[in-house]
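Peer 1: These are the residues of each chain, in order.
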Amino acid sequence: MNAITVDELSVDLDRVEILHGVSCAVPAGGWLALIGPNGAGKTTLLRAVAGLLPHRGTIQVNDQDLGALRGRGRARLIAYLPQIPVLPPDMTVRDYVLLGRTPYLGYLSAPGRSDRAKAAEASERLDVTRFAGRRLGSLSGGERQRVRLARALAQEPRVLLLDEPANDLDIGHQQQVLELVDDLRRTRGVTVVSTLHDLTQAGQYAGHLVLLAGGQVEASGAPAEVLTQELIARVYAARVTVTPGPVVTPVRESPKKL
Amino acid sequence: MTRARGRRLPAARAYGVAAAFLVAATLVSALVGAADLNPLDTVTALLHLPSGLSPLDRSVLFQIRLPRIVLGALVGALLSVAGAGYQGVFRNPLVDSGLLGASAGAGLGATLAIVYLGGIGPAAVPAAAFIGSLAGVAIAYLAGAAGGGGPSSGTTTLLLAGVAVGLFLTAVQTYVLQRSAQDLQQVYSWLLGSLSGATWQQAGEIVPYAAVSVTVIVLHGRHLDVLSVGDEEARALGLHPGRTRLIVVAACALAAASAVAVSGLIGFVGIVVPHVVRRLAGTSYRLVLPLSLLSGGGFLVLADTLARTVVSPAELPIGVVTALAGSPVFVWILRTTQAVRT
Amino acid sequence: MLVTSSLSRTILAAATAAALAGCASSASSASSAPPASPASSAASSASTGAAGSQFPVTVTASNGTVTIKARPARIVSLAPTATEDLYAVGAGSQVVAVDQDSDYPATAPVTKLSGLTPNLEAIAKYRPDLVVASQNSGGLVSGLTRLGIPVLIEPAVTSLDGAYQQIDQIGQATGHLTAAQKVTAAMKTQIAATVRHAGSSHPSVTYYWELTANPYYSVTSATFIGQIVALFGLKNIADAADKASDGGYPQLSEEYIVKAQPQIIFLADNQAADGGQTPAVVAKRPGWSAIPAVKDHEVIGLNDDIASRWGPRLPQLVAEIAQAVEQASR
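Protein chains in written order, with my numbering: chain D, 1 to 258; chain V, 1001 to 1342; chain R, 2001 to 2330.
Chain D with its partners taken away, still in its complex shape (with noise of 0.2 Å):
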């Protein structure tokens, strides 16, 4: 069962087609990773798929059409976290937490005791409990992607959409990152979509590939028959060579001595 189907899907962007004709699915419980050059669409699809961009074609999450959920009840299905976040500065990691409970608050309300439990037990999870009275600007950058992750958590949602999460992390943090989403993924059977620069991570982790240039899909599928050499060639213009794994090297020729 696909929780996630994407059909068909153009996006247009100041009346410049980004998105021609893009199809793809991911199963509930996996791991999609879309790779592809600057420029291909990642992020575009990705925001499409959170319901933030008006489109052409298809969407759909849990057998229900993305146009047909508004506002909150899309908010307690799909968490988004993009690139690049606003994370004010004086704003409390417990406050900026409780936010993720946005979607189940009615207009008027305000957090109540079950909003504050979920929120601290998401914190917990991602090990930020006790950075709850400090200011996000305090933070580092692997603290900060975690009170992020914590944020999206507290939503109870049931797809996660992650645009570069390991980004600016070094590579420490970066695996820290990506193994809290896989355990996420794992036991709690949330379905994630990310964008990932690394391709050698992208195989990693992800169960499922995309491979998109141009705004259209290059190739799909398992990591191993995505990341190919001749693939990657094209699409990207580099020189790897690809080991089992698969782990993709990037290769240089020697430069000419002197």
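Everything labelled a hint here was simulated from the structure, so no lab data went into it. From the three backbone atoms N, C-alpha and C, an ideal C-beta is built for every residue, glycine too. Hints are supplied without guarantee of correctness; some may be wrong.
[Unchecked claim] Here are some, though not all, of the chain R residues that point toward chain V, as calculated from beta-carbon distances under 10 Å: (1) Gln2100; (2) Thr2117; (3) Leu2147; (4) Asn2214; (5) Pro2215.
Starting from the structure of chain D, add chains V and R where the hints point.
Peer 2: Just chains V and R, lined up with the frame of chain D:
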């Protein structure tokens, strides 16, 4: 409204401090004035106990001084909560209650009333200022929301539209003033803002608008908190940023217009009070909005007390007092805001 | 809000033009005619006070009908003209406080009260039973009404008759009607005599009355000042420049003034506190030396206070003007 166990004390204490500030300011203000009323007699008179105040002194207390204090608290509260609301909507701490053409529209309305409708009577000016203020915001909102990609096109366009509309309205006002020199003094003193001549009737007239606008603004505190993470993330969390902005801006405009109609243009209150509140009680608008109400009322009552006693029997225009007190605080805000961004 | 220095000078023009309080200055009169004699009025007030008017009395001032129940014993004046009127009709002993700009007579009890921005509490402190002011600013009338204190608003007048009526009304309100009527009668006689002496027809003599310089604001014949000068039949150069929106106080350009070639220039801004535009300063203005008034030394610095008030010293103003007219027609 329940609060998390760990935060129960600080929030309640913040309310307590703000309320105490307002009450203290009101009491101090009631005890001082050019009429030199006996403080003890004043207190007993206020408590409806037998008092040594002469009938004239009683009239001074209840007909001149008290309405002025109450109006000052109302105006201060309205300007502060409107400023805080605008700051939340525009995610910018440097925004004042006179934004989006509210002050400029009020100034133009009052000028037109004084210059062309002088014969109708003194009631024309507050009404014209009120209408002018709302019209200014409406024009700025229409101009700003029309440009760009629709309701979620963001706040920058709106802010710029507000600046443009404000400049335009001020220019028209200056033109009208230049053509009618004999009204200059009256307009000028209105523009500087004043609470002298406050009556219970004035206070009563703005209470309905104040109640409606303040209720709407305060009820949207949580929404402003969500808005603070940006339009896109707010939408992803299930909010409608454009709609929220419209509602809050309309309510803030109503609050500011009501205040300006009775008091003229008083600056700095809308910027300074919310920011001081934020420093002391955190950035959550669920707290900042009601605390700004209370503190703003106290602040303006204090400022007016200074205005009417420091050079007694002359009075400083209250806009001067708030500016003198507000500018150093304003500079401090700028410096500390920059420090956080690094 | 854009406020430039020229605007603030225009405020001064408006204030002077609306005949609000002038500035404190020593009043040195160059006139040879004796002033309307306040001293004699005061001496006779004791005998005319009781017979002057009966209380309660109802008068109709600019703020509507006002009833004064008993002879006021604690009067507060918030306007220089009102102060002069009060003392002229013999009510000086009933005055307990006058505003900071009331500098005549010198014996008046000057305080820091302001007529432009009145402070209700400060006024109440004097426990007045009558307040006289020239404008209703800052909710003065409404505030005093709430305190139960009668108030008369006696604004700047638009004619000589208006000035006489105000003096009579103040006399009536304070229990000195007969004395007031004597004062106004003497004023009328004096002014008539001055006009007779100088002549009431000088159609070929043009004049320019300066309220402020840079920008140059003047008065037309329709204004109170203009009507006084019109007693002598002079021609006002500002009349042609007046537009309906100016309300009788048009702004004139320097070119206009020079081209109009006035034979007399009256300066209502020659005292230092009003702008210091003395005849010597005017003579030095570039291009102004071509004006007949400058060439023939017919630039007259008036007593700015008297020129901005409409009280019992009006005959002095008329005399100053008459002197200039006589000199110019020689």
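Peer 1: Against this structure, judge whether each hint is valid.
Peer 2: Tested hints:
Given hint, Gln2100/R at the interface with chain V, holds; its Cβ is 8 Å from that chain's nearest Cβ, closer than 10 Å. Annotation: Thr2117/R was flagged as interfacial toward chain V, and the flag holds, the nearest CB pair being 6 Å apart, inside 10 Å. About 5 Å separates the beta-carbon of Leu2147/R from the nearest beta-carbon of chain V, less than 10 Å, and the hint is met. Checking Asn2214/R against chain V by beta carbon gives a least distance of about 14 Å; that is not within 10 Å, so the hint is violated.
Evaluation of the Pro2215/R hint against chain V yields a held restraint, the C-beta minimum of about 9 Å falling below 10 Å.
Of the numbered hints listed earlier, the single one contradicted by the structure is hint 4.
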